[in-house]
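Asker: Residues per chain, in single letters:
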Amino acid sequence: MSTVILLALTGLGLAALYFLVASGLSLVFGLADVLNFAHGLFLGVGAYATWWAAGNLPGAGPDGFGFVLAVAFGVAAGTLVAILVELVLIRPLYSRTIEQVLVTVGLSLAGVALLQATWGADARPFPRPEWTRGVTGILGAQVPNGGLLLIIAAALVLGALLAFLQWTRYGLVIRAGVENREMVTALGIDVRKAFTLVFAIGGAAAALAGALGGVYFGTVSPGQGSSLLIFAFIVVVIGGMGSVLGSAYAAVAVGLLQQFVNYYGTSGLGDICVVGLLAAVLLLRPQGIAGKVATA
Amino acid sequence: MTAMTEPVLTVDGLSVRIAGLHILQGVSFTVAPTGVTVLLGRNGVGKTTTLRAVVGLTPRNGEVRGTIRMGAQSLLARPTYRLVRGGLGYVPEDRCVFAGLTVAENLRLAERRGITPAYDQVFALFPELERRARQRAGSLSGGQQQMLAIGRVLLNDNRLLLVDEPTKGLAPKVVTEVTEVLERVAESVPVLLVEQNLAVVRRLAKDAVVLAAGQVAWTGDAHELLLETALTRSLLGVGTGESHRGPEQAVAPGKDGH
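Protein sequence lines, in the order shown, are assigned to chains A and B. Numbering-wise (UniProt numbering), the first sequence opens with residue 1 and increments by one. Numbering-wise (UniProt numbering), the second sequence opens with residue 1 and increments by one.
What the hints contain is simulated information worked out from the structure, not anything from laboratory work. Since this is a predicted model, take the numbers as computed values, not measurements. Glycine is no exception: its CB is placed at the ideal position from the N, C-alpha and C atoms.
Label pairs and their in silico Cβ distance ranges:
1. Val88/A / Ala133/B: 40 to 46 Å
2. Val68/A / Ala99/B: 40 to 46 Å
3. Asn43/B / Gly265/A: 56 to 62 Å
Could you build all of it, start to finish, from the sequences and the hints given here?
Answerer: Right, dumping it as structure tokens:
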């Protein structure tokens with residue numbers, strides 16, 4: 001029983017990581033039709049900026065309030081990079097899908113290379129508060145605190161995103177734009193502002209994933225973002241492109257499936273099962289769990 | 001055509017090419033500053049393409065040439081949202097309401113900063129929208145969706161309305177309702193209307209522009225056109241309801257509306 005609970009909670013921790021990356025990816029794709037392969041870069045920037053801040057930023061550190069400050073710095077850096085990428089590289093290329101894919105793929109490769117060139121290819125130990133190394137006993141299972149932190153953070157981000165989409169003017173514009181972008185402009189709304197905004201939101205969430213993923217894994221390495229991005233894409237497709245809530249459901253399904261199958265089956269089988277789940281969803285429900293509705 | 005007054009919209013030599021296909025080849029016409037100007041023509045002749053070119057919604061792989069002016073102002077190459085804020089109201093074909101949003105949210109989307117939305121006026125025209133404010137737009141009937149599509153445009157002041165096939169697929173009773181509403185709207189703002197239903201055209205239109213083969217084939221008084229059965233048939237490929245049949249027969253049978 002305790003094994004099942006442990007697997008479920010670590011699976012949810014993984015799901016939280018996927019959700020943080022996938023939610024932004026999904027909104028960006030749903031609203032702007034941009035398949036952003038550089039999304040993993042935002043995660044890398046968030047992770048490295050947090051790591052750097054903990055060591056160098058005055059007031060920041062690996063513990064207590066200093067750690068919060070370091071994570072905030074990482075999230076801010078990821079957000080800034082996301083905004084710059086949208087404004088400088090993506091904006092001139094809207095509705096030119098092939099060029100967008102080339103630019104974002106190129107950017108993700110260049111980003112990893114840049115991180116490698118600056119801080120080396122090897123994984124570096126991530127500064128983290130002492131208590132995140134510990135475990136918490138839940139119904140007999142010893143659950144790593146780093147995982148619980150991820151779950152709580154993802155739940156908060158999910159709640160905040162849904163509230164934002166439901167109750168604010170920009171949220172309304174984003175929900176409408178995911179459904180029919182052209183009609184939003186035909187009502188006199190400059191939808192490009194919303195594009196920049198979803199990039200910023202996506203960048204912030206991915207950077208948070210980078211920072212908290214660093215805490216969870218204990219290390220940070222240049223390629224972390226890219227490997228997570230593959231599963232995030234799978235989550236986006238399963239959840240329904242453009243749907244935040246769909247991404248949450250799909251992230252949980254993928255995280256749990258992966259964790260349980262990898263434990264009870266051969267190691268690595270879980271990843272294959274995830275691809276199997278993706279194929280099944282594409283065959284049976286091509287629009288994904290939620291379809292193209294931002295908050296459904 | 002409109003000797004005494006300046007046209008609200010002037011289209012001159014408009015050519016649109018989409019993915020290599022010449023849809024429009026030098027279309028020129030004007031829209032009078034009052035009443036309804038109807039854009040007619042057989043299916044696929046480029047009526048919707050014309051409206052979309054005016055409001056700046058030609059697809060990226062399309063190429064637009066010519067001039068389009070509203071008053072003295074050139075419309076081409078300006079982004080759609082600016083044209084709309086400048087007083088060009090667009091009610092697209094197939095309504096295009098946001099199905100996942102509520103009626104109230106669909107309307108709220110059309111609100112603009114610093115401008116008081118004319119909810120009184122819209123709810124006076126469409127009391128149904130006020131009653132169904134919290135309903136999802138996707139669950140409305142075709143007729144109600146059309147009311148919503150028109151209503152959200154009327155929240156702001158417009159200098160010209162572009163309305164694309166508002167009665168398409170609606171039941172006869174609803175066609176009449178939509179027509180009545182457009183008649184009232186046209187009292188205060190000029191309308192460029194695309195409409196296949198000749199009974200509706202007969203009731204609303206003052207001027208007519210007929211497109212054929214990517215060009216303007218006929219312009220003039222709409223009622224004159226409809227009186228000339230042979231001309232109408234050759235231009236539009238439809239009868240006008242040959243002497244004894246009333247306009248009711250010309251109303252297309254509805255499928256989804258009620």
